[in-house]
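Colleague: Each chain, written out:
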Amino acid sequence: MTPPGNETETAPAGYRPSTLSALAAILAKDLRVELRTLQSVPAMALFAITTFVLFRYGLDRESLSGGLAAGVLLATVLFAAILAVNRLFVAERDEGGFDAIRLAPVDGSALLGAKAAALVIYLLVLEAIAVPAFALFFMDSWAGVPPLFGVLVLADLGLAATGVLISSIAANSRARDLLVPLVLLPLLVPVMIAAAGASRELLAAGGPSYDGVAKWLAVLAFYDMTFAAVGFAVYDYLLED
Amino acid sequence: MLPACRLPADWDNRTLMADATSVQQRADPAATTQPNATIELSRLWREFGERAVLRDVTIAVPAGSTVAVLGPNGAGKTTLLRILATLLRPTSGDVQVLGSRLPQDAWRARGRIGLLGHDPLLYRDLSGAENLRFQARLHGLPGEGAQRIAGLLEQVRMSRRADELVRNLSAGMVQRLAVCRALLHEPELLLLDEPGSHLDPAAAALVAPLLGQSPGRTRVLVTHDVDYGLAEADLVLALKAGGSVAYAGAASGLSAGDARAIYGGTP
Numbered sequence: 001m002t003p004p005g006n007e008t009e010t011a012p013a014g015y016r017p018s019t020l021s022a023l024a025a026i027l028a029k030d031l032r033v034e035l036r037t038l039q040s041v042p043a044m045a046l047f048a049i050t051t052f053v054l055f056r057y058g059l060d061r062e063s064l065s066g067g068l069a070a071g072v073l074l075a076t077v078l079f080a081a082i083l084a085v086n087r088l089f090v091a092e093r094d095e096g097g098f099d100a101i102r103l104a105p106v107d108g109s110a111l112l113g114a115k116a117a118a119l120v121i122y123l124l125v126l127e128a129i130a131v132p133a134f135a136l137f138f139m140d141s142w143a144g145v146p147p148l149f150g151v152l153v154l155a156d157l158g159l160a161a162t163g164v165l166i167s168s169i170a171a172n173s174r175a176r177d178l179l180v181p182l183v184l185l186p187l188l189v190p191v192m193i194a195a196a197g198a199s200r201e202l203l204a205a206g207g208p209s210y211d212g213v214a215k216w217l218a219v220l221a222f223y224d225m226t227f228a229a230v231g232f233a234v235y236d237y238l239l240e241d
Numbered sequence: 242m243l244p245a246c247r248l249p250a251d252w253d254n255r256t257l258m259a260d261a262t263s264v265q266q267r268a269d270p271a272a273t274t275q276p277n278a279t280i281e282l283s284r285l286w287r288e289f290g291e292r293a294v295l296r297d298v299t300i301a302v303p304a305g306s307t308v309a310v311l312g313p314n315g316a317g318k319t320t321l322l323r324i325l326a327t328l329l330r331p332t333s334g335d336v337q338v339l340g341s342r343l344p345q346d347a348w349r350a351r352g353r354i355g356l357l358g359h360d361p362l363l364y365r366d367l368s369g370a371e372n373l374r375f376q377a378r379l380h381g382l383p384g385e386g387a388q389r390i391a392g393l394l395e396q397v398r399m400s401r402r403a404d405e406l407v408r409n410l411s412a413g414m415v416q417r418l419a420v421c422r423a424l425l426h427e428p429e430l431l432l433l434d435e436p437g438s439h440l441d442p443a444a445a446a447l448v449a450p451l452l453g454q455s456p457g458r459t460r461v462l463v464t465h466d467v468d469y470g471l472a473e474a475d476l477v478l479a480l481k482a483g484g485s486v487a488y489a490g491a492a493s494g495l496s497a498g499d500a501r502a503i504y505g506g507t508p
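Taken in order, these protein sequences are the chains called C and W.
Start counting the first sequence at 1; every next residue gets the next number (our numbering).
Start counting the second sequence at 242; every next residue gets the next number (our numbering).
Think of the hints as simulated: they come from the structure by calculation, not from any bench.
A quick note: this is a predicted structure, and the numbers were derived from the prediction, not measured.
Don't be surprised by glycine CBs; every beta carbon is placed ideally from N, CA and C.
Honestly, I wouldn't trust all of these hints.
What the hints assert, rightly or not - Among the chain C residues that face chain W by a calculated CB cut under 8 angstroms, a handful are: (1) A22; (2) K29; (3) L31; (4) R32; (5) A91; (6) D99; (7) L103; (8) P105; (9) P146; (10) K215.
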C-alpha cells in the first residue's frame, strides 16, 4: 500500500538537497531547540558575569586596561564557550540526530557548518551581554568596545571551527566532558594569542590604538580559514562509525 | 537462486552449525549476484574490537521482496540493519544496497532508505510536526512535504497531537511518529527493527498498512515474532547467537518450528 499524501510531493530518486539548504535546516532546528530550552546561552552568560565579579574582587581592581583587560575578557569568553561546545552534539548523540541526518542525502559538511554557525551565534549573543558587562565592571572608557567586536568575531569563527570538530569527535566518547577542554584549549592557544594581541591595543589605557592590530587580525583570519578547511576536508570521515 | 538450506525439524545446535557452514561454503559471491537485487551481501563480517558480531553472511534480496531477519539476542540483527542503513561500516565482505557498494558509495543510497529502529530518531524538544518538517527539508521534499506529512499524521491518528513536544508523548505515540519519519521520503528500502514496539493492537493495526508490502519497496524485517516474520517474508535470514548464518533462503523453506529452534525453542 502506498503511504498517503500528495504522491507528487517527493524528491526524485537520487536527489540531493544543496549543502546550504541542509545547513539552514539543521541550523534552524538547533536555534529553535535553544530558544525553547535555553540550555546553552543563558548558562554561558551567567558564567561570564559571575567570572567578572570574581575577577573584580579577586584582583581588587576597579579598572583594567591593555593586556590584563584583554586576558580577563578573552579567557572568560573562552571558558564560557566551552559550555556551549560541550552541549553542541548532545541532541544528536542522545536523540539519534546523527543517524537521522546521516540517513538523509546530505553532505556531512552541512552538519559541520550548521553547528559552527550555531556556535558563532551563541558566542555573539554571549558577547553582546558579556562585553558591556565587562565594560561596566572594569573600563573607564567605552571607546575601544566597538572595534573590539571585530576581533571577537574573528576569534569566534576560529573557536567555532575548532570547537565543532573536537565536539563531534568527543560526542561518542564517555569522557567527552573532559576531552573537549583538554583537546580544545591547546588548539585555541593561537586564537588567544592573536585575539589578545589585537585586543590589548584596543583596550589600552589611553584609548584604543590600532598599531599592530591588522597583523593580529590576519593571524586570526588565517587560523579560521585553516581550521574551516580542515573541518570540511575530514568531517564526512569523522561522522562514520 | 538464493543459497538456502532446509533444516530438519529436529536439528540441534550441531546440525545448525554444520548446515550454516554448508550454506556459507556454497555461497559463492558471483553466484548470488542478481541484476535486480536491492541487497547483496557476500561474506559480510562485522567485528567490534576482537568480537565478531556478524560472521560470513551472504544473501541476495530481490527488489520488491521482504526478508525477515530472525535470531536470538546478540545474533547481530540490529548491526546488520545499521550496515544496510549505511550507518555502520562492514569489517569485511561485499555489501551492495540499492546498487551502491558500501561504504564507498553510501551517499548514493542515502535518502532512498527508511529506517525504523529501536530509537525513534526524533528530537524530544521539537514537536512531531517540527521533526517531520525538519526531515522533509533534509530529504529535499518540495514544500517541506507539508501535504505528505499531513497525510501520514492522519493515517497514524496523530494529527491532533502533532504540535506537542515529542518529550511529552507516550512511547506508542512516539513510535507512530517514527513510522511517519521513516516513510516520509517514500524509501525504496525499508528497514524495520521490531516495528510494533510500544504499539498497542489498535495502533499496530493503524501502522500495518503503511509498513506492509508495496510495489517496488523492499523490506528487511527484524523481529522475534516468528509467525509474523514468516507470514510477512519472502525470504528468511536466520542468525545464530554470535552472528553466523543458520538459514538463508525462501521463507517457505523454513517451518515455524525450525525457526523457533534458532532461539533454542523458547519463543
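Colleague: Indicate, hint by hint, whether the structure satisfies it.
Modeller: Structure-based check of all given hints:
The criterion of a C-beta within 8 angstroms of any C-beta in chain W is met by A22 of chain C, whose closest approach is roughly 6 angstroms, and the hint holds. The restraint placing K29 of chain C at the interface with chain W holds, with a minimum CB-CB distance near 5 angstroms, inside the 8 angstroms limit. The beta carbon of L31 of chain C comes no nearer than 12 angstroms to any beta carbon in chain W, farther than 8 angstroms, and the hint placing it at the interface is violated. Residue-level restraint check for R32 of chain C holds (minimum Cβ-Cβ distance to chain W is 7 angstroms; threshold 8 angstroms).
The interface hint given for A91 of chain C holds, since its Cβ lies 6 angstroms from the closest Cβ of chain W, which is under the 8 angstroms cut-off. Given the 8 angstroms rule on beta carbons, the hint for D99 of chain C holds: about 6 angstroms separates it from the nearest Cβ of chain W. Against a cut-off of 8 angstroms between C-beta atoms, the interface hint on L103 of chain C holds, since the closest Cβ of chain W lies about 6 angstroms away. At about 3 angstroms, the closest approach between the beta carbon of P105 of chain C and any beta carbon in chain W falls short of 8 angstroms, and the interface hint on this residue holds.
Against a cut-off of 8 angstroms between C-beta atoms, the interface hint on P146 of chain C is violated, since the closest Cβ of chain W lies about 36 angstroms away. This hint is violated: K215 of chain C has a C-beta 42 angstroms from the nearest C-beta of chain W, more than the 8 angstroms allowed.
The structure is inconsistent with the numbered hints 3, 9, 10, although it conforms to all the rest.
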